[in-house]
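Chains as they are written, first to last, in the numbering used here: chain R, 1 to 258; chain H, 259 to 516; chain D, 517 to 774; chain W, 775 to 1032.
Everything labelled a hint here was simulated from the structure, so no lab data went into it. Owing to the predicted nature of the structure, the values given are computational and were not obtained by experimental measurement. C-beta atoms are modelled at their ideal positions from N, C-alpha and C, and glycine is treated no differently. Some hints here could point you the wrong way.
Stretch by stretch, here's where chain R covers chain H in the computed footprint (C-beta under 8 Å, at least three residues) [to be verified]:
(1) 347 to 361
(2) 385 to 396
(3) 399 to 409
4 protein chains.
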Amino acid sequence: MKVGLFGFGRTGHDVAEEIINDPSCELVWVVRKSHEKNHQYASDFLGHPESHQGEFFCMEEAMDPDFFKKHPVDVIIDFSSPQGLYEYARAADEGIHIVSAISHYEKKEIDFLKQLSTKTVVLHSANITLGINFLLVASQILQQIVPNADIEVIEEHFREKRGKSGSALKIAQKLGLDPVEHVNSIRVGGIVGKHEVVFGLPNQTIRITHDAISRKAFGAGALFAARALATEKTGFFTMEELMRKAFFTNIAVNSLLQ
Amino acid sequence: MKVGLFGFGRTGHDVAEEIINDPSCELVWVVRKSHEKNHQYASDFLGHPESHQGEFFCMEEAMDPDFFKKHPVDVIIDFSSPQGLYEYARAADEGIHIVSAISHYEKKEIDFLKQLSTKTVVLHSANITLGINFLLVASQILQQIVPNADIEVIEEHFREKRGKSGSALKIAQKLGLDPVEHVNSIRVGGIVGKHEVVFGLPNQTIRITHDAISRKAFGAGALFAARALATEKTGFFTMEELMRKAFFTNIAVNSLLQ
Amino acid sequence: MKVGLFGFGRTGHDVAEEIINDPSCELVWVVRKSHEKNHQYASDFLGHPESHQGEFFCMEEAMDPDFFKKHPVDVIIDFSSPQGLYEYARAADEGIHIVSAISHYEKKEIDFLKQLSTKTVVLHSANITLGINFLLVASQILQQIVPNADIEVIEEHFREKRGKSGSALKIAQKLGLDPVEHVNSIRVGGIVGKHEVVFGLPNQTIRITHDAISRKAFGAGALFAARALATEKTGFFTMEELMRKAFFTNIAVNSLLQ
Amino acid sequence: MKVGLFGFGRTGHDVAEEIINDPSCELVWVVRKSHEKNHQYASDFLGHPESHQGEFFCMEEAMDPDFFKKHPVDVIIDFSSPQGLYEYARAADEGIHIVSAISHYEKKEIDFLKQLSTKTVVLHSANITLGINFLLVASQILQQIVPNADIEVIEEHFREKRGKSGSALKIAQKLGLDPVEHVNSIRVGGIVGKHEVVFGLPNQTIRITHDAISRKAFGAGALFAARALATEKTGFFTMEELMRKAFFTNIAVNSLLQ
């Protein structure tokens, strides 16, 4: 699978490493805001001096109408910024799949992605790790089983992270919780990313917790999504949907056999 | 719902309190090994001096062929010992439902319960809390979604608890884990009961955790089960099955509607 | 040790039980706001029908100038309300020790307690458990060792608890943290009381966590304090000071011997 | 501070990165078992293509009698293997400080290190992070304050880690706990390193927990130790001693001022 990456910040850096480390993938290029080190290789800055993967292109170059023809990939993975999608919109015409992991889109960007999904496969998830999406689906089920439980979301991240985490907000929204009241954000040191959903009942407490060990977990999630949708032609997907399908299929099978 | 309770140890004590506190239930009697305080009321020893619920009977009295006719109940809840079931077997002939929360049955006892279930409703669960059964079902689903995850079970209980917890063993068995290797038992102080299933992936960890706040959680679970099966006539059930059905039903509905 | 208790709410209830269960203590009386069940025994409502401890008196009776002479105790333990102390102020004249565990005093009440401490021993702690005070002292030491760590306090309690916990506020104050920003309050189900201080460094996180299993922990702490100060005549103390002394003494001994 | 590193495995790799990232340090060389990539730079494999730090030398070269004269450093940091110390013993004659973070020394190696400490500064700690040593000291103090508490150690690491963690064994030894009974080892996925000491009392539980976010925490600890001892001439030290001194000093100051 040939991959192009938008964004090479803190997370993009680790996602690039996960892609390079995956023997069934090739990181063809990385589009960055910066001109610095243009046309050098991401792999050089990730400790793989002989790998020559992830050639750096700046945004202006990516805007070239022929960029995606000259530098073809199977899928674009986007960890850049909410505006990134306007730069790779043309890739949809080439049938290049799009996996976007941007946290804070406005409605306008979501609508634009849905337009693109009439031409190619588009998946968007504010948090693309398998674990967060397990949290998301399992929490909704548990809420239906114990509707009288009190629910709080606790999320912990490195000190510099601004605002409440997109994943926590998504969980709150799906559970019908006011995020101002019920999303508790801890910002300390270098915590990669922890999300916990707490269900409180009078005599017991249930917690579902996800700890990201490294931001490579985002890369693993993005590659999982890219592979799961490789044979699709068009359509708009979310990781939550993929996870919900996994839940449903397995449960159904279990129930019939037992 | 009229309830008879077998067992008045540490857990039976709190289960009795939960039953007495539930306005839609009446604790008719409690069968104990001890002769001490016979025919006094459990409610006196639970801080409800005017309630007169849970008259103490000793085992010999319960063996009286007419005991269940003279002291009728809708359901027997058993938190006594693996041998308890031989004492209330006759209740099955009266159509009295049986909810057994005994942890360490031999195969012989399970077989005997299944025989009784041809005559009445029998539910058995080594751990009858809603939370543990959520753990049990959600863990099996997660294992199917990420089959390459390493899994460990950690259980914490009060120092006097002997052996590995029945719930932890059940979880290990359902997940195909060798309990000697993969069930980690912590025994300290007065911890009521904590079970955690840890799923380790290379870049992320997922934990599903159940904390019992008080042993009344067992009572709440037993009453939930008794109510859920109140309209059944015969059959052998487990809490896990009830939970699995809850998962399946909700997921199915969700999937169809979205 | 003869004990008088002010307050018989959710916590006072469990504190009374801890005192009754302690063979070296006698719960002589309990002063309550309510007239209901006056002159009955607390022990009857705690499942000790033959114990006859903790005779209920209403506040008006406690205001009788001779109350503390007619019903003498060694120590008053106060889990009532911020106003309680005005009712037992006269006890100080009898040399009765005072252990107050009220969370939310105004400065006026603290000043009044300090006045009483010229006549008898007064100890006040917003959270009187051993564990919270270990948290308090150990956190201050850790902050001095790693002054660049980011610190957050997370506290979890039962849904009905209003406001931020007094213990969490105390910890924040001692660590110089703005409580609005850095005390995170989770309110769900029946959680008895959990406090966690999180220290975040770039490559590691340290947590010190206290879980109250039952509100009897408050009783244990109050009795510990009462005993530790039994031979003192006057003075104002806090549990934190007792804990700090324990730290200091042990460390000093260790350091000299090794 | 000029640093030489022994060992470039999973941890050595991250320690090298921490040293390179520290602007007040220079990683002069790295001694490795492997001949592969000899005389290339560690910095090339850590994503710093222009840094030229950490020239690789193989063990045979390090055995050259003049190695430490030709390639002088202020301190050797050892994350290699228990045998590593025999290779850099000659460095002690040059007054080069030694910081060893090897987990599983035999008594023979400890004795050998102590011999070297008559000629230079030697620090050894099985776990050299600040956090683990805080755990170690704070746990001992808490044990003295609540000697009747039950204590368990839980440690979690990546699946490939063999044996119980050296840090957990050290904690157990210092607390007088049988490690076979009381050290619980969880091996799953990619967990960097978590250690928790659980203190159980009848009505409360206290936990002190250390989570390593990245193995760079070991590098940070080693550099902290190297700096703390930079002005010493000879002597054998442990991180625990440095931590204990930090506790003692701060407490003493606090106690006198308050």
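Cross-check of the supplied hints:
Judged by the Cβ-Cβ criterion of 8 Å, the segment 347 to 361 of chain H is not covered by chain R as claimed, because only 0 of its residues qualify and three are needed. By the rule of at least three residues with a Cβ nearer than 8 Å to a Cβ of chain R, the coverage given for the segment 385 to 396 of chain H holds, with 6 such residues. Closer than 8 Å: that is the beta-carbon criterion, and the segment 399 to 409 of chain H has 5 residues meeting it against chain R, so the requirement of 3 holds.
When the structure is compared with the earlier hints, a violation turns up for hint 1 alone.
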